[in-house]
Structure formats: structure tokens, C-alpha cells
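S.K.: Please arrange chain V with the ligands on chain X, whose structure you already have, making use of the hints.
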Amino acid sequence: MNMFKFPSTVRSLEWGCLIVVGFIVLYPLFWLLLGSVKPDLSSSEYNLDAFVAIYESRYMGEVLRNTAVMSIGVTILSVLIGVPLAWIVGRTDTPLKNYISMTAILPFIMPPVVVAVAWAYLGTPRVGFVNMFWKWVMDTKDPLFDIFTMGGLIFVMALSLAPYVFIFTVTAFKNMDPTLENAAHISGANKWQTTLRITIPMAAPAILSGALLVFIQSLEIFAIPATIGVSGGIYVFATQLWRMMIGIPPNFSHAAAMSIPILLVCGLALWGQTKALGRSAKYTTVGGKSFRPRLVQLGRWKYLALGFSGFYLLVSAILPMLTLIYGTFISNRGRPPTLEFLTLGHIEEVLLGDGGAVILRSIENSLLLSFLGATIGIALAAVVAYFVVRSKWRLRGTLDFLALIPVAIPGAVIAIAMLWAYIREPFNLYHTLWIILLAYITRFLPFGVKAVSNSITQIHEELERAAAVSGANWFTVFWRVLVPLAMPGIVAGWIILFVSMMRELSASIMLFSSNKEVIGTILIQLYDEGLFSHVCILSLIIVILSLGSVALVRWLTKQTDVEGIT
Amino acid sequence: MQNVRVDNLLKRFGDVTAVAGVSFDVPKGELLTLLGPSGCGKTTTLNMIAGFEDPDGGDVYVGDRLISSSLEKVLLPPHERNLGMVFQSYGLWPHLKVSENVAFGLQMRKENKNQISAAVEKALDLVRLTGLGDRYPSQLSGGQQQRVAFARALVYEPDVLLLDEPLSNLDAALREEMRLELKDLQTKTGITTIFVTHDQVEAMVMSDTIIVMNNGHIEQMGPPHEVYQNPANQFVAGFVGISNLLSAEVLGVARSDGLTPMKLGGATIFCDAVGAKKGQKVTLSVRPEDLVMISQKPKKNDPNILQCTIEKSVYMGGMLELWADAYGQQIRIHGHRLPPFSEDETVFMKIDPVSVKVIN
Ligand SMILES: Nc1ncnc2c1ncn2[C@@H]1O[C@H](COP(=O)(O)OP(=O)(O)OP(=O)(O)O)[C@@H](O)[C@H]1O
Ligand SMILES: [Mg+2]
Numbered sequence: 111m112n113m114f115k116f117p118s119t120v121r122s123l124e125w126g127c128l129i130v131v132g133f134i135v136l137y138p139l140f141w142l143l144l145g146s147v148k149p150d151l152s153s154s155e156y157n158l159d160a161f162v163a164i165y166e167s168r169y170m171g172e173v174l175r176n177t178a179v180m181s182i183g184v185t186i187l188s189v190l191i192g193v194p195l196a197w198i199v200g201r202t203d204t205p206l207k208n209y210i211s212m213t214a215i216l217p218f219i220m221p222p223v224v225v226a227v228a229w230a231y232l233g234t235p236r237v238g239f240v241n242m243f244w245k246w247v248m249d250t251k252d253p254l255f256d257i258f259t260m261g262g263l264i265f266v267m268a269l270s271l272a273p274y275v276f277i278f279t280v281t282a283f284k285n286m287d288p289t290l291e292n293a294a295h296i297s298g299a300n301k302w303q304t305t306l307r308i309t310i311p312m313a314a315p316a317i318l319s320g321a322l323l324v325f326i327q328s329l330e331i332f333a334i335p336a337t338i339g340v341s342g343g344i345y346v347f348a349t350q351l352w353r354m355m356i357g358i359p360p361n362f363s364h365a366a367a368m369s370i371p372i373l374l375v376c377g378l379a380l381w382g383q384t385k386a387l388g389r390s391a392k393y394t395t396v397g398g399k400s401f402r403p404r405l406v407q408l409g410r411w412k413y414l415a416l417g418f419s420g421f422y423l424l425v426s427a428i429l430p431m432l433t434l435i436y437g438t439f440i441s442n443r444g445r446p447p448t449l450e451f452l453t454l455g456h457i458e459e460v461l462l463g464d465g466g467a468v469i470l471r472s473i474e475n476s477l478l479l480s481f482l483g484a485t486i487g488i489a490l491a492a493v494v495a496y497f498v499v500r501s502k503w504r505l506r507g508t509l510d511f512l513a514l515i516p517v518a519i520p521g522a523v524i525a526i527a528m529l530w531a532y533i534r535e536p537f538n539l540y541h542t543l544w545i546i547l548l549a550y551i552t553r554f555l556p557f558g559v560k561a562v563s564n565s566i567t568q569i570h571e572e573l574e575r576a577a578a579v580s581g582a583n584w585f586t587v588f589w590r591v592l593v594p595l596a597m598p599g600i601v602a603g604w605i606i607l608f609v610s611m612m613r614e615l616s617a618s619i620m621l622f623s624s625n626k627e628v629i630g631t632i633l634i635q636l637y638d639e640g641l642f643s644h645v646c647i648l649s650l651i652i653v654i655l656s657l658g659s660v661a662l663v664r665w666l667t668k669q670t671d672v673e674g675i676t
Numbered sequence: 055m056q057n058v059r060v061d062n063l064l065k066r067f068g069d070v071t072a073v074a075g076v077s078f079d080v081p082k083g084e085l086l087t088l089l090g091p092s093g094c095g096k097t098t099t100l101n102m103i104a105g106f107e108d109p110d111g112g113d114v115y116v117g118d119r120l121i122s123s124s125l126e127k128v129l130l131p132p133h134e135r136n137l138g139m140v141f142q143s144y145g146l147w148p149h150l151k152v153s154e155n156v157a158f159g160l161q162m163r164k165e166n167k168n169q170i171s172a173a174v175e176k177a178l179d180l181v182r183l184t185g186l187g188d189r190y191p192s193q194l195s196g197g198q199q200q201r202v203a204f205a206r207a208l209v210y211e212p213d214v215l216l217l218d219e220p221l222s223n224l225d226a227a228l229r230e231e232m233r234l235e236l237k238d239l240q241t242k243t244g245i246t247t248i249f250v251t252h253d254q255v256e257a258m259v260m261s262d263t264i265i266v267m268n269n270g271h272i273e274q275m276g277p278p279h280e281v282y283q284n285p286a287n288q289f290v291a292g293f294v295g296i297s298n299l300l301s302a303e304v305l306g307v308a309r310s311d312g313l314t315p316m317k318l319g320g321a322t323i324f325c326d327a328v329g330a331k332k333g334q335k336v337t338l339s340v341r342p343e344d345l346v347m348i349s350q351k352p353k354k355n356d357p358n359i360l361q362c363t364i365e366k367s368v369y370m371g372g373m374l375e376l377w378a379d380a381y382g383q384q385i386r387i388h389g390h391r392l393p394p395f396s397e398d399e400t401v402f403m404k405i406d407p408v409s410v411k412v413i414n
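One line per chain: the protein sequences are X and V, in this order. Going by our numbering, the first sequence opens with residue 111, and the numbers climb by one from there. Going by our numbering, the second sequence opens with residue 55, and the numbers climb by one from there.
Heads up, a few of these hints could be off.
Dumping the calculated DSBU-like pairs for lysine-lysine here, alpha-carbon to alpha-carbon at most 30 Å [what the hints assert, rightly or not]: (1) V:K176 - X:K301; (2) X:K284 - V:K151; (3) X:K412 - V:K127; (4) X:K301 - V:K167; (5) X:K301 - V:K151; (6) X:K385 - V:K151; (7) V:K317 - V:K332; (8) V:K164 - X:K301; (9) V:K366 - V:K411; (10) X:K301 - V:K351; (11) V:K242 - V:K366; (12) V:K366 - V:K331; (13) V:K151 - X:K392; (14) V:K151 - V:K127.
It is worth saying that the hints were derived from the structure and are not from the lab. It should be emphasised that the depicted structure is a prediction, and the values quoted were computed from it without experimental measurement.
So here's chain X without its partners, still in its complex pose (with noise of 0.2 Å):
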């Protein structure tokens, strides 16, 4: 039964929903298809010429044979830090555990871009700081690693990844019923079999839809594969990708042909991810009232689980921030950070030198990029959100599903295929900001549709039968009693869109032009140009930002644990 009965003009509402959302979600893959079929698009011919092409170009193998070990060695090496991390967290008595589960905010408050440029000064062979530490320590001539390197690649990338594996397998640790180890237990587990035997194999869906979405992420990252990878003449999809764009001409049917097969594999991935998600809710309901994860004693082990953890949060989070200090305020890049070499002249640079005013150009068109995207994001997700969960539309699966589809597209991949799609009649929006806006809107749609959805999900549905018994029709109780009630999922859905959009970069650096930059293509420019202290201040404006979001959302939300916000 209806909640009520729908006006019909609720039911326009439904369809002008779905069919905005379908139309942003899937116009540009339908230019993305047509052109990677018809390369000329005055003739009426369709050939696979494109396919062909970049199946026998000299290239091809060796990006493909890139791409697979990059994100299957990034999946892997995600699982083996965010696995132990959330089990130590989640089930352990080990100490400081509320420090170690900031590892679920990492990814929101260093985007990737900033643990790549971190990196790149850390891990540089001659000059990095971690290696001139070494050498300085070993007395060696001899570098400890080299970050230019698909070991370093698949390092920096699986830093920035694990906390996926971690928050969803966290979850799940402290959601699992604890008489399931009771029973195992009693029938004569000990604790390390009971780990082996239930506690791991229970989480075994959670860790699973973790690493999926590590998977889909580490193809769509660009930031790290075009610093790192670049730099070790490592190309990957999404650098390769970008080499096709920026050729003169840019190849657009070669990209798109690129893109479908990525395509598939990442739906494939998304579709699993959302299966495996499915599981693991039905294993960590909870049965029993007596509620309370029993936590493995470590005894002397807990100092391991300390020193994995700390480790992790020192090379995913420390030592990146403390570079991007050290590049702020050091007056020369290599001296010691004593009080003599200290300067504030590089911030007074950016602020009011020549070289400022690009990076400040980008950051104005970022807020206003992100301030109006998040804004029309939010209300759009709202509206969906609304529809996804209350509603009893026949369609409203299909509604669900597209504002989905998003998050197995990589951000290079919607930028092409927006650039196919709007750069002709009607739109014209070829070196707009216009553009940039949408790729943002749609790009992150599906965590707008999240955050909302999780909070309308709580509001008890008796408020709105309520509100309705009492006479109000659809619209107010939308706006008196819906609206107000999930403000707390709206606003830190707002932050959340806010701060992605402010650094987002795979699918700016195809879409911006000059005058046009943002703040993430900004960066990959100053770091290009070998600006460090210019990189360092951009960066460490970026994690302020996002810590200061961080922060208010989890106000907003009352957010106790810090797994919940991402």
C-alpha cells in the first residue's frame, strides 16, 4: 500500500527525477558508445576501427599489463593492512585504538593528490627525505627504495586505499553477534581458531565489498599513477587515457574505445561490491540482547598490533603532513627545519606574488565550482534519496540503480564522454566551467544519494503518516517534516559533496582549460613545474579544509565513531 495516496503530480516529480538523473547519468555514455564506433561523426559509417587501433597499438599491452598489476597488487596490499587494522581496532584490547580507527577518515582529509606529492618528495631516490634518513642513518650511499618505481606505485596508492578495507571490515567486526565466538568457544575453539574459523570467514563479505571498491578506485585514481607512475615512466588506464586527450589532436574515439572495456570491468567490480555488501548485512545482524563483542587479549602481541598501526598512520598520515609543513614554511628545500631557515615568505607569495595569482584564480573556481555543485547535488540527491527509500514506485529500483552507476565510472572516463557529449549542439560547453560543474554533480551523486538516504532511513515513518493523517498533503510534509528531520544527512552530504568536488582532479584535468584550472589541476601543474613549497601550501590548505569538514560533519551527525562518516 501507498504511504498515501501520491498525488499525481508527485508522480511527475518521480519521472522528472529519473529522467534528470538518467539523462546526466547516461547521455555522455551514449555519446561515449557512439563514439567509440563512429569515429567520424559526419559519416554515417560505424566500424570498430577504433578498437582494432588500440588493440594492435605498441602501447596497449604494456598499459594494460600495468593497469592489472597495479590494481591487483593495490587490492591486495590494501586488504593486508586494512584486514589486521580493522581487527585490531575492532576486536582487540590493543591501546590507542581510538587513534588507530582515524584511519577511516584518512582518505577524506588526504586526498590522493596529496599523499602522491607527499610521497614523490618523501620517496625520491637522491633527494627524498625518508632516503636522505636512511643514508644519513646507515651511513650508505645507497637509497632505501625508490618511489618512482610499480612497487612504489602499488605502495603509495595501497596507503591511500586500505582505509576502504578498513572502515567496511571494521563494521563488521563490531557488528558481528557475539554469540556466534560464544558457540565456538564452548565447542572447544580457542581464540586464535575462533578468529580463523568464524570471526575472519564472517567478515569475509565485508572485506570482500572493501576490496572491490579498492579495486574500482585504484583504476579511477589519477593523481597518484601521474606523479608517482609518470615519473617512472609507469603509465596506467587513467594516465594513458590522459595522454590520448592531450595529443593534438586528442584522440577521442581511441579514449572512448579505452574506456568501455574499463568500463565493464569496473560495473563488474561495482556489481559484486554491491552483492558482497548484501551478504555481509545478513551475517552481522544481530540475534541476541546481550550485545557486546567480546575483545581478544593480545597480551605482549598487542605491542605488534601497536607498531603495525602506528606504522601505517605514520607513512599514510605523518610523514606526509610533516612534509607539507616542512615545504610551507622551510625557506629552501634540503635545509634543516631550524629556526634560521624558517620563512613565511612563500605564503606571503602565494598570497600576493605573481606566481599567487593562478593558484588563487583555482581556488576561487573551485569554491564557487563546489559551492554551487554540492548545492545542486544535494538538493537532487535528496530528492532521490527521498524517492529511493520511501517510495513504492514500480521504478524506483531503476532510479536507485542509475544514481549508482557513477561510482563504477572513473572520473577520467565521465570527463571524456561528457566532452563527447556536450561539446556539440545543444550545449556547447566545450572550456566552460559549466562542464566541470556537471562532471561534478555527476560524479558524486551517488554519495549525496548516501549520506541522505542513511538519515531518512532512521526517521521512523509514523512522523510522516503522521503529518499526513493531520491533513498536510505531499510538499508539506516533504518540507515540514522530511526535509527538517534528515537536515543533519543533508548538510553533512552537502560537506561531504563540498570537500571531494573542492579537490577533485581525475576528471578536471581533462575538462579544464585556461583560466578554467582548479585547485586539484593547479597542483599537478606546480608540482610539474617543480614549485615545492608552492605544492606543500596548496596541499596543506586542502587537508585544513577537510579536517575543518571532517570536524562539522561529525558534529552535524553526532557521529561517535569515526567509521560512520565516510
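M.R.: Chain V with the ligands in isolation, oriented as in the chain X frame:
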């Protein structure tokens, strides 16, 4: 199988004393029930026996094996206690098939594969789930899951079986069926069992011995009929079944047949009251079903007859539940007359002296 001895178990959670010195003995092959209201410490007691909670005091023996003692610093972990347990939420592992769930305990005991599969099959037969071994727990009904939990707990022939409200997740009809089946199973396997419930009917049907607990201590321990018929105190009388607790006053000394007269409002009640002194105030406990309505008006001064005024009468199907006033005290009666009583009707209820209990 073994007997269990629990000696002076004690558990505190901060200021709350969850279990305040509980002692009991379960002879080999018997079923003992811990019965009591929510929060009285039943689960905590059971968990201390299982090893999921560390006692603050007291000993637990299984046979002559000391498995937990705070004085001697013995605290075997659960997996070394060789106990079986069925949990309220069953605790079936969702990622393992039914047969794998059942086999787990045997695998932990390093039995060989053939023996395991034979034992699993036997256990599933025992709980009437033959052939369902290849399913996952989520593909079974609530009652079937329940049985899997029993098979899993019994398959490795533990010394003692612990049950924490195993039937409370089932619907009423299934629950009734399962408690008989469970009792059967326990008799058939002859396993020493400790059973926790707050359902008194369940306790009556299944137990050899019932322990009524309240606020962390034992109020009464005895076979079901004794607990029901001779409640040791007001709490037990009120908790086990329905009781009318009526204040009365001792009128004189016992007659030659051993019965003592009591004054209850305008009526005189003779009952068994050893050691009662004249003029002493006492509380009498009378079960609603022990009040028998008599049709003719009794003679004045006839003993053991209460004159009651009906206040409310509810038809329960096959029985009438009556609330009445007897000399200013409210009294509940189970009657069988049709047509039902009307309000303010006066009736006379006869009480057999043996069904009146004096409670201090
Ligand atoms: N881990 C704990 N921390 C603090 N107090 C606890 C804990 N476990 C139990 N208690 C308290 O100890 C008392 C006994 O709890 P217990 O679970 O043994 O009751 P129970 O008799 O099993 O009740 P129920 O019928 O509701 O299951 C209760 O007051 C409970 O609140
Ligand atoms: Mg209990």
C-alpha cells in the same frame, strides 16, 4: 556425563551484584532450571559456568574437575571445559552449512573425518533433521535452526549441556511442541542440563529441580510440584503461578487433627500452620484454581468458606477468570460456571485446608 557443583558463585558489575553467592548441585543426568524475572542473574550464572564471565568468588566443579575457582585461581577458558551450550539467538554460523556447524566441535577435538560425518549424521537424526545437512542456517525455519543448535551442542557428547532461554525466540505453538521434544531429547541422551528461563510453565514441564532466583540469590530450590505447592515465600508464591496472598490472624492453637484456625475477615479458615501463636498476623497463599464454588448458601459459622462479591468476570474460553472481594481483600478465582457471573453477585468459595499455605 557428569554432575555439576556450583559453590557460592559471586559476580559484581560495578555496584550491581548480579549474582550474590549462588550454590547448587545438579546430579548426573538431571535437568535443573534457573527460573526468575528479567535481570535476576540467570544468564550471568550460566555464563560463569560456561566461562564467558569471570566470577568474583566461588567454585564450579564438573564431576570432580574444578573448572573455576577464585580462591585457587583456576579459570579454564570455555573451550577447555567440555560443555555444550544452546544460545537464545542460536548462534548458528551463517557462513557454514548445517553439517559444518554440527561438525565444528568434533573438528576441534581432532576426530577423524569418517567418525565426524557419522556422528554428524547421527546427531541430525536425533534432532529429526535428517538430510538437511547441506543447507545453510538461513534456509531453515526457526524451529529447525533451534534443532541444529541442539545437534551442534550435543554432538561431541559434552559433560554438561547449558541452555539460555533456548525457546524464547519461537512462537507460542512451536514453543510448546519444542519443550516436550527438548525434554525427550534430554531424557534420551541422559545429559546433565542446566536450563535458564523466565517462563514458569517451561520450568514446570522440563525440570527435575527448579531454582527460583531473585536479585542474584536463590529464593527456593526444589522439584516443580514442591515449588508450586509449597512456595517458600511471597516472592515465589507470586512468581510461580498465580497466588492469592491474604492476610489473616491466628485464632487459637491447633486442633487434634493438627489444623489451626485463622480469622480471615468474617470467615474462619483451618489450615496447617506449625508453630503459629495466637494473635499472630500471617499471610495465607491460595491458588485461584483451589477455590471451589459451592451452590447452596452455607450455614453460618461453617469453616473454610469465603463469602465473595464478584467485581469483574472475564471469559477466557473454557474458564472464567474472576476478581472478587472477600472481606476487603481482592481475590482471584478460576471458575467454570456458565452463564457467567454478573457484577456484585455474591458467591461462596470453599477452600480445602491442604491447599492453604502459610507464608511468613
Ligand atoms: N556486562 C555487564 N555489565 C554490567 N551489568 C551487567 C552486565 N551483565 C549483566 N549485568 C547486570 O547484571 C544483572 C543480571 O543480569 P543477567 O543477564 O544475568 O540477567 P538475567 O536473569 O539473565 O535476565 P534476562 O531474563 O533478562 O535475560 C542485571 O542487573 C544486569 O543489568
Ligand atoms: Mg538472560
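S.K.: Find the hints from earlier in the document that the structure breaks and name them by number, from lowest to highest.
M.R.: Going through the list in order, the structure violates hints 10, 11, 12, 14 and respects the others.
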